[in-house]
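Participant: If you want the building blocks of each chain, they are given just below.
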Amino acid sequence: MDQILSVEGLKKSYASGFEALKGVDLNVESGEIFALLGPNGAGKTTLISTICGITNATAGTVRVGGHDIYAEFRAARSLIGLVPQEINLEPFEKVINTVRFSRGLFGKPKNDALIEQILRDLSLWDKKDSRIMELSGGMKRRVLIAKALSHEPRLLFLDEPTAGVDVELRKDMWNVVGRLKEQGVTIILTTHYIEEAEAIADRIGVISKGQLLLVEDKAKLMERLGQKQMIIELQAPVTEIPEGLASYDLQIAQNGSALVYSYDVKADRTGITKLLSDVSRAGLVLRDLQTKQSSLEEIFVNLVQEETA
Amino acid sequence: MNLTAIKAIYLFEMARFFRTLTQSFISPVISTSLYFVVFGAAIGSRIQEVDGIGYGAFIVPGLIMLSVMTQSISNGSFGIYFPKFIGTIYELLSAPVTFLEITIGYVGAAATKSLFIGLVILGTSALFVDLTILHPLPMLLFLVLTCLSFSLLGFIIGIWAGNFEQLQLVPLLIVTPLVFLGGSFYSISMLPPFWQWVTMFNPVVYLISGFRWAFFGAADVPVIASLGAISLFTVICVVTIGWIFKTGWRIRN
Ligand SMILES: Nc1ncnc2c1ncn2[C@@H]1O[C@H](COP(=O)(O)OP(=O)(O)OP(=O)(O)O)[C@@H](O)[C@H]1O
Ligand SMILES: [Mg+2]
Numbered sequence: 001m002d003q004i005l006s007v008e009g010l011k012k013s014y015a016s017g018f019e020a021l022k023g024v025d026l027n028v029e030s031g032e033i034f035a036l037l038g039p040n041g042a043g044k045t046t047l048i049s050t051i052c053g054i055t056n057a058t059a060g061t062v063r064v065g066g067h068d069i070y071a072e073f074r075a076a077r078s079l080i081g082l083v084p085q086e087i088n089l090e091p092f093e094k095v096i097n098t099v100r101f102s103r104g105l106f107g108k109p110k111n112d113a114l115i116e117q118i119l120r121d122l123s124l125w126d127k128k129d130s131r132i133m134e135l136s137g138g139m140k141r142r143v144l145i146a147k148a149l150s151h152e153p154r155l156l157f158l159d160e161p162t163a164g165v166d167v168e169l170r171k172d173m174w175n176v177v178g179r180l181k182e183q184g185v186t187i188i189l190t191t192h193y194i195e196e197a198e199a200i201a202d203r204i205g206v207i208s209k210g211q212l213l214l215v216e217d218k219a220k221l222m223e224r225l226g227q228k229q230m231i232i233e234l235q236a237p238v239t240e241i242p243e244g245l246a247s248y249d250l251q252i253a254q255n256g257s258a259l260v261y262s263y264d265v266k267a268d269r270t271g272i273t274k275l276l277s278d279v280s281r282a283g284l285v286l287r288d289l290q291t292k293q294s295s296l297e298e299i300f301v302n303l304v305q306e307e308t309a
Numbered sequence: 001m002n003l004t005a006i007k008a009i010y011l012f013e014m015a016r017f018f019r020t021l022t023q024s025f026i027s028p029v030i031s032t033s034l035y036f037v038v039f040g041a042a043i044g045s046r047i048q049e050v051d052g053i054g055y056g057a058f059i060v061p062g063l064i065m066l067s068v069m070t071q072s073i074s075n076g077s078f079g080i081y082f083p084k085f086i087g088t089i090y091e092l093l094s095a096p097v098t099f100l101e102i103t104i105g106y107v108g109a110a111a112t113k114s115l116f117i118g119l120v121i122l123g124t125s126a127l128f129v130d131l132t133i134l135h136p137l138p139m140l141l142f143l144v145l146t147c148l149s150f151s152l153l154g155f156i157i158g159i160w161a162g163n164f165e166q167l168q169l170v171p172l173l174i175v176t177p178l179v180f181l182g183g184s185f186y187s188i189s190m191l192p193p194f195w196q197w198v199t200m201f202n203p204v205v206y207l208i209s210g211f212r213w214a215f216f217g218a219a220d221v222p223v224i225a226s227l228g229a230i231s232l233f234t235v236i237c238v239v240t241i242g243w244i245f246k247t248g249w250r251i252r253n
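Chains as they are written, first to last, in the numbering used here: chain X, 1 to 309; chain Z, 1 to 253.
So that you can see chain Z by itself, here it is in the shape it has in the complex (with noise of 0.2 angstroms):
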């Protein structure tokens, strides 16, 4: 292993996150709020509880999530397509060093971004409402999990595309409504049953029940599900990753 190429690769994209931090830091912290105002405090004084919990509570799991994942995204591919874009990737390909290697680096960086933000989300929740997380280890392991696939998704899609409509493109289409629909605003038993069978087949849902059930103690499918779930989908981004790097597929022509 090449651990100081990675080390390079993690802290140069960090550097260009630290540059930026005061938006890194703001912009979700906002976004959140608002969250809160509308969510929590409009509709949410409506709704009083879902499964026993305050709605207001209710959501931060599934707000935290939706930030992860689209971030985890955005970071993920923009760290790749950017040197395609420009050119520097020249370097990436001559330098010695395996595509593993590339990734370690690249996706590490991401889903760093992106666990930061989930964190801040976090704080950002518990000034609006009482939280008490009832499994705190579970909790940061589904965290980084979401993190680490979802920035791997991102990588792939960050190779995949080749001009900046397709980057914006499985975001866009692909992931936004699965993440909408994974029951972040609601749980899935509010649904009729014909939909509860469809949502069945969101990945999302798996993701985003066993977060809630580290936080109350509550889910929509079996906590091992969404164990099952989220590691299955870190598997086949693996996977993938290793059969493009294989045949240098959309990398070297």
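Next comes chain X alone, as it looks inside the complex (with noise of 0.2 angstroms):
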């Protein structure tokens, strides 16, 4: 497969003189969803603003689709297309007519029935004569996403498409994300949510500080990250753990009030099952029952740990 994007020694110091990339290496294939996770402030908005010309690099080298993203601007540019993490819209413009205008500012020709296609896919066919200003906040986001896609990129950036958007609508986002990979786009978003990059994502690349600290296959990091915790919570606390749970990895939490059982969500068995009729055999009495998934800042922490070890 070719590269759809080689960033290379890529830095980037702010006015303030704020280092917010130090030098960053990343090859993009084309056709893959690429998921960049990292805390805030990490640099991700950043890494996109550089590629796509918002701000000027400070040292480095970044080409699209072969193109220089200087030396060849518009070759490069024409390739991509950004859908901002701010909400960036001009209120009193009707849908349809912010969209049609990012294609033409792209230079490409009208194409009345292409725009309708995109609306239609991303469900604001029926808004297209409303105002900006009339959307939510999810119809906001989509238009971005519509105006980027008007002038059909190659390479897509999303930085951070599903923030503030329910559930149901980040499927629906999500759908979209995968239709495109079959048309051959390919697709570098941002997101906190781990789910989100599982769901979607080829590779994942995590990002602190300026620095890349990890590219990898996304079945290889889950592995890393898949580590869930349950804590059970007790009617009568305890002092110690019950000798018929002594086979389990417990710990004893809130001044024996709860017990935490660390497991692996991708095991075959995660042995829950086992431990609660346990549980209840050992005498011990259940008052709530919760499950937490590592966070991602928390994953972060490990992983920063973990690379500087």
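Hints are computed from structural coordinates only; laboratory data are not their basis.
Beta carbons: idealized from backbone N, C-alpha and C, even for Gly.
There are no misleading hints in this set.
So the derived list for chain Z, only partly shown, Cβ under 7 angstroms to chain X, looks like this: (1) N2; (2) L93; (3) P96; (4) N253.
With the hints as a guide, bring the two chains together.
Facilitator: Laid out in structure tokens, this is it:
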């Protein structure tokens, strides 16, 4: 497969002197879905903005479809579609006009059939004559996507496309992403939701403090991240783990009023059913039960520690 | 040249204008009429003639210039400041367009709007006073050049401005005084010699004088100086914009 994006030694310092990217190297294959994960302020948006030409790089080279983003900016940018993190839209404009404008701005001839198709795919067709300010937040985000798709990009950047979008709509968006992939569009998205990366990405990159810590196949990374915890809250506190439960990886928490069980989501048998029956056999009475997946933030901390260790 | 992109920007900007066409049309008509009531009828009846021209007619070129200059600056600056302010500029910056194309689109639209307003004022004036335009083509040339160069100036202000106050600052502090002291409502020859000399440093004097010459054939300064002044002004604006785009000043951080 050929590379649609290649980033080499990319650095970005803002005017304030802050170094937001500290030498990023990244190659993305044509046709893949690449998820960029990272805590707030990691440099995800900066990376995207630099590739797209919104901010200037301080050092390094970026090629899109083999074209240098500065020397051959027309060829490079013609391939790119960008859905920004912030909802930047003109409130008084009609949906269809802003989408048409985007296509024209990218130098593509008028194609109303295509625009209709895009708006229909994003469930926006019945809103085409509405003004932007009359739309809900989720709809506005879809207008941004429609604008980016209007000029038929080969490489699509989605900067937190599902932030503030309800579960239902999030699934819709994943479907849209899936369809684009079928059409051969390469997609790079940023997200804070690990489920999201898990659901749609082929490869995942983790960025923190302006450095790409790792880039890995989704399957491999998920193994590393698949730890989950079950918290068993008890009616009566215990001081030690009962005999019958000694074989489980259990820890006492909340001053003995809860037990915490760590298990691997990806394992064939999580052992939950057996554990619960053993719990009641040991004479403990449940008050409540909850499970918890390590937050992305915790995972990042672990990763960062791992990488620097 | 990405002509499609230029067209897209131009038409998008013009659409905004057409949405409020009635407003765009009515406000210059009303303000022009007011000027004629105050300057033409009330004051003009006592002034009689300037340079052999009835005062009502004499102020027409200045009146048009006054509106065209302020309108051009506000159209030009607002056109580019607005996307900066609401964030839609990301799209311009990521599109396969050069800054030249962006400028042509925005400045072209801004200039078209103010040209329209200039012509509306001219038309309204013709209802109040007898107007014969001695040199129609040079008149149009001066008008178009003024629309363009002041829209360019506005564009620069729009890029420079970091907030709405700054957006108003330059027009309010520099342009309005220069325009009012530029001989819109009087002939430079009416001033004492010292102030005549000072006035020669006001670039707007050259524009209004040239424009008035195109109407009546009489001018405060030689026409060639007027043409030189406006050309120089346009060139300065173009060079400044070229520099801004090269460095990404205030646009790409
Ligand atoms: N225009 C700017 N000037 C100065 N510093 C900036 C600018 N934009 C971003 N930064 C800084 O660069 C760093 C990276 O910001 P960036 O927006 O790329 O993070 P992010 O990974 O997209 O975060 P989030 O998940 O919150 O969107 C942050 O520390 C931020 O404060
Ligand atoms: Mg971001």
